[in-house]
Amino acid sequence: MTAEDEIRALHAAWFKASESKDVDASMAPIAEDVVSYEHEAPLQYRGVEALRETCRAGFENSAGELRWDIPDLEIVIRDDIAVTWGLNRMWNREPGKPAYQLWSRGTRIFQRRDGRWQLIHQHVSFPYEPETGRAVFGIEAAI
Numbered sequence: 001m002t003a004e005d006e007i008r009a010l011h012a013a014w015f016k017a018s019e020s021k022d023v024d025a026s027m028a029p030i031a032e033d034v035v036s037y038e039h040e041a042p043l044q045y046r047g048v049e050a051l052r053e054t055c056r057a058g059f060e061n062s063a064g065e066l067r068w069d070i071p072d073l074e075i076v077i078r079d080d081i082a083v084t085w086g087l088n089r090m091w092n093r094e095p096g097k098p099a100y101q102l103w104s105r106g107t108r109i110f111q112r113r114d115g116r117w118q119l120i121h122q123h124v125s126f127p128y129e130p131e132t133g134r135a136v137f138g139i140e141a142a143i
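Sequential numbering of the sequence shown, starting at 1, is according to the working numbering.
No wet-lab data here; the hints were simulated from the structure. All values derive from a computational prediction rather than experimental measurement.
Pairwise CB distance ranges, derived in the manner of DEER restraints:
#	residue 1	residue 2	range
1	G133	E4	36 to 42 angstroms
2	W91	P127	17 to 23 angstroms
3	E53	Q101	24 to 30 angstroms
4	A57	R134	17 to 23 angstroms
5	E140	S20	22 to 28 angstroms
6	P95	A3	38 to 44 angstroms
The C-beta atom is built at its ideal place from N, Cα and C for all residues, glycine as well.
Take the sequences, apply the hints, and build the full model.
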């Protein structure tokens with residue numbers, strides 16, 4: 001398996017863990033010293049336990065079916081560093097409510113440590129309206 005295959009497989013496992021709302025499986029590829037810039041405050045999360053908490057809260061706040069993927073995933077690998085980016089597509093279908101889909105942007109950096117890829121940095125964001133400073137959620141990606 002090539003390094004790119006490994007990174008794609010890691011993402012596929014991540015998507016599956018999210019669908020089953022499995023916090024432990026979602027945290028499996030994340031380094032202890034990760035730094036993540038998430039959609040919501042605070043400005044940064046430092047360490048896997050901080051990220052675990054935001055992941056757990058996100059799963060708990062999604063009452064129904066939850067899925068996400070990155071249909072245009074780009075990967076660049078140099079030695080033991082892999083950088084990925086693409087548009088995150090997230091779906092949520094809650095009982096009694098219409099299903100909805102959100103797009104955001106994501107960049108992730110992985111480092112191979114002790115023979116396995118670990119997420120060391122993540123930056124996810126929504127576009128915003130400069131006039132209002134508010135995030136924009138209703139954008140459809142043209143990919």
